[in-house]
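Novice: Use the sequences and the hints to build the structure in full.
Number of protein chains: 2
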Amino acid sequence: MNTYLECIPCFFRQALFAAREATNDESKIKEVLDRVAELVPGIPLNSSPPETARLIYRVVREVTGRADPFEVYKERSIEKAKSFYPELKSLVERSEDPLRTAVMVAIAGNIIDPGADPNFDLMREMDSFLSQDLSIDDYESFRHRLESAHSLLYLGDNAGETVFDKILIETVGKDVIYAVRGAPIINDATIEDAEKSGLGEIARIVSSGCDAPGTILKRCSREFLDIFETADVIVSKGQGNYESLAGVEAQVFFLLKVKCPVIARRWMIRIG
Amino acid sequence: MNTYLECIPCFFRQALFAAREATNDESKIKEVLDRVAELVPGIPLNSSPPETARLIYRVVREVTGRADPFEVYKERSIEKAKSFYPELKSLVERSEDPLRTAVMVAIAGNIIDPGADPNFDLMREMDSFLSQDLSIDDYESFRHRLESAHSLLYLGDNAGETVFDKILIETVGKDVIYAVRGAPIINDATIEDAEKSGLGEIARIVSSGCDAPGTILKRCSREFLDIFETADVIVSKGQGNYESLAGVEAQVFFLLKVKCPVIARRWMIRIG
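Taken in order, these protein sequences are the chains called A and B. Residue numbering for the first sequence follows our numbering, beginning at 1 and increasing consecutively. Residue numbering for the second sequence follows our numbering, beginning at 273 and increasing consecutively.
Treat the hints as calculated values from the structure; they're not laboratory data. Take these hints with a grain of salt, some might be off.
Calculated pairs, EDC-like style, for lysine to aspartate or glutamate (alpha carbon to alpha carbon, straight line, at most 16 Å) [said to hold, decoys possible]:
no.: 1; chain 1: A; residue 1: K218; chain 2: A; residue 2: D175
no.: 2; chain 1: B; residue 1: K529; chain 2: B; residue 2: D410
no.: 3; chain 1: B; residue 1: K302; chain 2: A; residue 2: E6
no.: 4; chain 1: B; residue 1: K446; chain 2: B; residue 2: D409
no.: 5; chain 1: A; residue 1: K28; chain 2: A; residue 2: E62
no.: 6; chain 1: B; residue 1: K490; chain 2: B; residue 2: E310
no.: 7; chain 1: A; residue 1: K257; chain 2: A; residue 2: D137
no.: 8; chain 1: B; residue 1: K354; chain 2: B; residue 2: E467
no.: 9; chain 1: A; residue 1: K30; chain 2: B; residue 2: E278
no.: 10; chain 1: A; residue 1: K30; chain 2: B; residue 2: D399
no.: 11; chain 1: B; residue 1: K302; chain 2: A; residue 2: E38
no.: 12; chain 1: A; residue 1: K28; chain 2: B; residue 2: E278
no.: 13; chain 1: A; residue 1: K174; chain 2: A; residue 2: D138
no.: 14; chain 1: B; residue 1: K300; chain 2: A; residue 2: E6
no.: 15; chain 1: B; residue 1: K361; chain 2: B; residue 2: D410
no.: 16; chain 1: A; residue 1: K196; chain 2: A; residue 2: E71
no.: 17; chain 1: A; residue 1: K174; chain 2: A; residue 2: E147
no.: 18; chain 1: A; residue 1: K257; chain 2: A; residue 2: D138
Stretches of chain A that chain B covers, calculated by requiring three or more beta carbons in the stretch to come under 8 Å of a beta carbon on chain B [said to hold, decoys possible]:
no.: 19; segment: 142-155
no.: 20; segment: 169-179
Cβ atoms here follow ideal geometry from the backbone N, Cα and C, with glycine treated the same way.
Specialist: Spelled out as structure tokens, the structure:
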């Protein structure tokens, strides 16, 4: 997916958020914004937003000296998500169609940023989400593809949400490879985060090799590309993976909540 | 008021909005964003946001060649607001405390951007707003000051809202000078817009001489400063006037809706 002009103000918003997470030094935060501003004229609109986000978070790391500004944030998110695991697991098991409910739980995980608001009433949000229809629903096709599939490649997104992915993976009951970012980027899951989320018990965790908040194939490792090219079914979580994989020739099932007006307009659906 | 780091992403959002209002040429819009990016390192954080907004809208004008990109938008806003005038006027007249209701109507005018959403149910919003308390309420002090005042200086903000200001000015029943921007800037009212709103019938309209979306005293005309310094009471509408006048030694009554998290945090109140 291309970068839209609307992405540019959003890059600054993200840079500010990440810089504040990394440091309290206002002059350093201003320096991050100044350096992001220097990047703007060079942003190619035909590259995907995660490609630029990659450069922005590099600036944040360089200026603040913090290799993983979201380390604590991610840890809190995973702990919070784990506290909901038993209830959600039982919700799926008691459901008439456990696979569909597990898909919905995994998508709901993508709305919820447990680190953002500690008082967030996750179960209430989950209940309200589960009673909704999906705006774009390829569930039947997904279920059908799964039936004949041996292997499934699952592209993770945020740390915390990983715990919800675990429930879906358990429900699918196939050999799953769970792919994560090649380096810490925003609150996206790395191998360590996936391990902490308990994914190691039920899937093989691999790095995509890509250090962007998405899956940019030309930046992925050869090992990952081999898996990507031979997987029977690919599940992709989140906007960043969608932004980088939209248009790629591969049968990918995208599970995500739409968080920005650009994608909402692209799909002619509403945010949320 | 100083510029906060949160203002920087917002400057880009505003530049994009204004550029889209001025042209459909995506390459020109990108050029606006590139040139705003060039401004970023030079933004002094100890100047007020309208000071920077002034430079941003100059870029929009220069790149797009449109002297007043919001001309049509403002005209629509004024027409829309005028259609509500009779109902609001009667609401004020029927009220137990017409002055207070007129103040509330004038503040409500600052929430409502009639150009933004043509289907906006203004009367419903107005009803819900009028039943609320103000977050910061200096009404008693304002009423008291008015009693002994001969002259009132009223600093206008957006075109459209001007019609709501008219109702308050009629209710006040004093000699009023209504000040507007020195040049078209965003959807802020100019002399022409104030005339179209019918303010010329009940007040003397003057230009502040300032071409920023606020009242930056050092950029105002000598004529305006004389009025400002001798007015018995000053009423200031909107965030831009507040941002540029906060901290100035003068007794100013600020009527505004808080539209951004920076000011909400500064005052420890909620947006809206």
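Novice: Between B/K361 and B/D410, does the CA-CA distance stay at or below 16 Å?
Specialist: Measuring from Cα to Cα gives roughly 23 Å; hence the hint is violated.
Novice: For B/K354 and B/E467, compute the direct alpha-carbon distance and say whether it is at most 16 Å.
Specialist: holds (12 Å)
Novice: Holds or violated: A/K174 with A/E147, Cα cutoff 16 Å?
Specialist: Measuring from Cα to Cα gives roughly 10 Å; hence the hint holds.
Novice: Checking one constraint from the list: CA of B/K446 to CA of B/D409, max 16 Å. Satisfied?
Specialist: This hinted pair is violated, its Cα atoms lying about 22 Å apart.
Novice: Checking one constraint from the list: CA of A/K30 to CA of B/E278, max 16 Å. Satisfied?
Specialist: holds (10 Å)
Novice: Is B/K529 within 16 Å of B/D410, Cα to Cα?
Specialist: holds (14 Å)
Novice: Checking one constraint from the list: CA of B/K302 to CA of A/E38, max 16 Å. Satisfied?
Specialist: Roughly 14 Å between the alpha carbons, so the hint for B/K302 and A/E38 holds.
Novice: Decide if the proposed pair is consistent with the structure: A/K257 and A/D137, CA atoms, cutoff 16 Å inclusive.
Specialist: At roughly 12 Å apart (the allowed maximum being 16 Å), A/D137 and A/K257 satisfy the hint.
Novice: Against the 16 Å threshold, does the CA-CA distance of B/K490 and B/E310 hold or violate the hint?
Specialist: violated (25 Å)
Novice: Below or equal to 16 Å on CA atoms is what counts here, so check A/K257 against A/D138.
Specialist: holds (14 Å)
Novice: Hey, A/K196 versus A/E71, does the alpha-carbon distance stay inside 16 Å?
Specialist: Given pair A/K196, A/E71 holds - Cα atoms ~12 Å apart, limit 16 Å.
Novice: Has the given pair, A/K174 with A/D138, been kept, meaning a C-alpha gap of at most 16 Å?
Specialist: Not OK: A/K174 and A/D138 at ~19 Å, beyond 16 Å, violated.
In this structure, the earlier hints numbered 1, 4, 6, 10, 13, 15, 19 and 20 are contradicted, and the remaining ones agree with it.
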